[in-house]
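Engineer: Fit chain B to the given chain A structure using the hints.
In case you want the letters, here they are:
2 protein chains.
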Amino acid sequence: MEQRAAALFRRLQDEITTALEALEPTARFRRDAWTRPEGGGGESRVLEGGELLEKGGVNFSEVWGPVPAAMAKQLGGEGATFWASGVSLVLHPRNPYVPTVHANFRMIRGGAERWFGGGADLTPSYPFDEDASHFHATLKAACDRHDAAYYPRFKKWCDEYFFLPHRGETRGVGGIFFDHLKPDATHDLDGLFAFVTSAGEAFLPAFLPIAERRRATPYTEREREFQQWRRGRYVEFNLIYDRGTHFGLQTNGRVESILMSLPPIARWKYDWHADPGTPEARLSDYLRPREWV
Amino acid sequence: MEQRAAALFRRLQDEITTALEALEPTARFRRDAWTRPEGGGGESRVLEGGELLEKGGVNFSEVWGPVPAAMAKQLGGEGATFWASGVSLVLHPRNPYVPTVHANFRMIRGGAERWFGGGADLTPSYPFDEDASHFHATLKAACDRHDAAYYPRFKKWCDEYFFLPHRGETRGVGGIFFDHLKPDATHDLDGLFAFVTSAGEAFLPAFLPIAERRRATPYTEREREFQQWRRGRYVEFNLIYDRGTHFGLQTNGRVESILMSLPPIARWKYDWHADPGTPEARLSDYLRPREWV
Chain A
1 MEQRAAALFR RLQDEITTAL EALEPTARFR RDAWTRPEGG GGESRVLEGG
51 ELLEKGGVNF SEVWGPVPAA MAKQLGGEGA TFWASGVSLV LHPRNPYVPT
101 VHANFRMIRG GAERWFGGGA DLTPSYPFDE DASHFHATLK AACDRHDAAY
151 YPRFKKWCDE YFFLPHRGET RGVGGIFFDH LKPDATHDLD GLFAFVTSAG
201 EAFLPAFLPI AERRRATPYT EREREFQQWR RGRYVEFNLI YDRGTHFGLQ
251 TNGRVESILM SLPPIARWKY DWHADPGTPE ARLSDYLRPR EWV
Chain B
1001 MEQRAAALFR RLQDEITTAL EALEPTARFR RDAWTRPEGG GGESRVLEGG
1051 ELLEKGGVNF SEVWGPVPAA MAKQLGGEGA TFWASGVSLV LHPRNPYVPT
1101 VHANFRMIRG GAERWFGGGA DLTPSYPFDE DASHFHATLK AACDRHDAAY
1151 YPRFKKWCDE YFFLPHRGET RGVGGIFFDH LKPDATHDLD GLFAFVTSAG
1201 EAFLPAFLPI AERRRATPYT EREREFQQWR RGRYVEFNLI YDRGTHFGLQ
1251 TNGRVESILM SLPPIARWKY DWHADPGTPE ARLSDYLRPR EWV
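Residue numbers (my numbering), protein chains in the order written: chain A, 1 to 293; chain B, 1001 to 1293.
Heads up, a few of these hints could be off.
Stated by the list, open to error - Cut-off 27 Å, straight-line C-alpha distance, at most; resulting in silico cross-link-like pairs (DSSO-like, lysine-lysine):
id: 1; chain 1: B; residue 1: K1073; chain 2: B; residue 2: K1182
id: 2; chain 1: B; residue 1: K1073; chain 2: A; residue 2: K73
id: 3; chain 1: A; residue 1: K73; chain 2: A; residue 2: K156
id: 4; chain 1: B; residue 1: K1269; chain 2: A; residue 2: K269
id: 5; chain 1: A; residue 1: K73; chain 2: A; residue 2: K182
id: 6; chain 1: B; residue 1: K1156; chain 2: B; residue 2: K1182
Claimed, not checked - Here are the simulated distance ranges between beta carbons:
id: 7; chain 1: B; residue 1: P1037; chain 2: A; residue 2: G49; range: 44 to 52 Å
id: 8; chain 1: A; residue 1: R30; chain 2: B; residue 2: G1041; range: 44 to 52 Å
id: 9; chain 1: B; residue 1: E1051; chain 2: A; residue 2: F247; range: 41 to 49 Å
id: 10; chain 1: B; residue 1: A1281; chain 2: A; residue 2: G49; range: 21 to 29 Å
id: 11; chain 1: B; residue 1: R1031; chain 2: A; residue 2: A70; range: 38 to 46 Å
id: 12; chain 1: B; residue 1: F1247; chain 2: A; residue 2: G49; range: 37 to 45 Å
id: 13; chain 1: B; residue 1: R1028; chain 2: A; residue 2: T35; range: 50 to 58 Å
id: 14; chain 1: A; residue 1: G79; chain 2: B; residue 2: Q1250; range: 30 to 38 Å
id: 15; chain 1: B; residue 1: H1246; chain 2: A; residue 2: W64; range: 28 to 36 Å
id: 16; chain 1: A; residue 1: M1; chain 2: B; residue 2: Q1250; range: 35 to 43 Å
id: 17; chain 1: B; residue 1: R1030; chain 2: A; residue 2: G49; range: 32 to 40 Å
id: 18; chain 1: B; residue 1: T1217; chain 2: A; residue 2: E2; range: 50 to 58 Å
id: 19; chain 1: A; residue 1: G168; chain 2: B; residue 2: G1039; range: 17 to 25 Å
id: 20; chain 1: A; residue 1: D129; chain 2: B; residue 2: F1247; range: 33 to 41 Å
Don't read these hints as lab results, they were simulated from the structure.
For every residue, glycine included, the Cβ atom is placed at its ideal position computed from N, Cα and C.
Here chain A stands alone, though its shape is the one from the complex (with noise of 0.2 Å):
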């Protein structure tokens, strides 16, 4: 299993920087290739300056070895050994109607227990009802072809991990959101696996769409500056509250690799709020969980 998993990592790594590539004119993905003193390696692919991905990375990994004292916990304790493979997205678009959009599927063996995890989640900064409800509903499909209860859980899930309290508001319009799924009585290993690639192949029919009609809507600077705000809270929500950058950092990860999902610009202004009526203003009813399928 842990073989076809980072397999299916990697193919899914392929398939959507070759996708991404095929709208980008000229920008191509920079490959770095990796390797983890303890064991394994990975591939981080990033892009800046393209048409249409303003920064965006798609990394692959997969490494093993002792488990880490700070995973200690998490991982079937110490002197136990650990594998984890996955492949993880942040994609800022340029054109201030494209959203932002992150993407995470993973597998994980800690002692004698084996685990997938993952998700999409969408952060637009100027809000479609369209687009939220297109990319909700493809992910819908892909876990209803396996479990009905699914989206659900996985939906509600995502309204609460990608969550600022400070803020109180979520990261964007959500999406799925899942971890520590296990094999039980009713998903066996291999089970879990369909689904997770289901999700997996689900995330280039859920964004392209989005991506390709909103890239030609014309914007000026006023657009570009909120769209900069906003990637702001997007930093704070990563580098405060996301357990992946975290865990990454204290298990001396690849800082770059981590901190891909950073945007490219982002900005602070003191106590700023969107002027009541403005296009900006109507955001804010987004970023509370809402039903969108």
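Structural biologist: Okay, now just chain B, sitting in the frame of chain A:
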């Protein structure tokens, strides 16, 4: 002592904002008074879009009440009351040759104990030895008037506290940092208050001469980009590691006052390094502890 300390911190806020406004042709600090439902309040003063300061905040607060759960361990246990007052500032100058600077002075009473904390540190993008030496020498003189052991101890503490482990670098060229400074056989509470007064009064003479001698240095978009990239590291420190920031957010502090420390614009570029031999490459030699006096 609580009254004297709060009066000191309020006076420092006044003196510092007055001195900074005197260097701005037109920009002025916006003043926001706020109250805390559980007791106390403060006044945030933030200036944006200045000629010297692209963004700067100088905040005063004096709060009290029952010890919040998140602070119980630190503040005398549950059921105790606490009182805290301080002045906290972060200045992000516009000219990339003027360093970012932070200072904070505070007194806390938790249960039956009182202590002081604080410090000041300098974060240049383009470092000058004479600036770092002047900043440190001014703070050292303030320390030396009270205890010859203070500066070496607090200088080291600053290097250790303002450190980004994932980058293996200090935030800047340091300064002084101290915390949990309680009365002992050598210094009674009045003596500690006198030291904090000296340290607080040393801020303007430590920083203003640097700002004045660098503020007219010509620069291009290249230096602005490097400054914004460096400000990404400032964001990383404040959001990942800074205890004051986490403490404030966890205890439901005034979010915009806490996060006034974040820069107006920050950039992240994947795996970017200054080319050897460039002015930007010089900085890395300054991001490790050095003796400046």
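Engineer: For each hint, tell me whether it holds in the structure or not.
Structural biologist: Checked hints:
1. B:K1073 / B:K1182: Given pair B:K1073, B:K1182 holds - Cα atoms ~17 Å apart, limit 27 Å.
2. B:K1073 / A:K73: holds (23 Å)
3. A:K73 / A:K156: With Cα atoms ~26 Å apart, A:K73 and A:K156 stay inside 27 Å; holds.
4. B:K1269 / A:K269: holds (21 Å)
5. A:K73 / A:K182: holds (17 Å)
6. B:K1156 / B:K1182: Answer holds: B:K1156 to B:K1182 is near 19 Å, not above 27 Å.
7. B:P1037 / A:G49: 44 to 52 Å: Between B:P1037 and A:G49, where Cβ atoms are some 48 Å apart, the hint holds.
8. A:R30 / B:G1041: 44 to 52 Å: The hinted range 44 to 52 Å holds for A:R30 and B:G1041, with Cβ atoms some 50 Å apart.
9. B:E1051 / A:F247: 41 to 49 Å: Given range 41 to 49 Å: holds, Cβ gap about 43 Å.
10. B:A1281 / A:G49: 21 to 29 Å: Holds: the Cβ-Cβ distance is about 22 Å, inside 21 to 29 Å.
11. B:R1031 / A:A70: 38 to 46 Å: holds (44 Å)
12. B:F1247 / A:G49: 37 to 45 Å: Holds - the Cβ-Cβ distance for B:F1247 and A:G49, about 39 Å, lies within 37 to 45 Å.
13. B:R1028 / A:T35: 50 to 58 Å: holds (55 Å)
14. A:G79 / B:Q1250: 30 to 38 Å: holds (34 Å)
15. B:H1246 / A:W64: 28 to 36 Å: holds (32 Å)
16. A:M1 / B:Q1250: 35 to 43 Å: Check passed, 40 Å falls within 35 to 43 Å.
17. B:R1030 / A:G49: 32 to 40 Å: For B:R1030 and A:G49 the Cβ distance comes to about 36 Å; the hint holds.
18. B:T1217 / A:E2: 50 to 58 Å: holds (56 Å)
19. A:G168 / B:G1039: 17 to 25 Å: The hinted range 17 to 25 Å holds for A:G168 and B:G1039, with Cβ atoms some 22 Å apart.
20. A:D129 / B:F1247: 33 to 41 Å: For B:F1247 against A:D129, whose Cβ atoms are near 39 Å apart, the range 33 to 41 Å holds.
When held up to the earlier numbered hints, the structure conflicts with none and fits them all.
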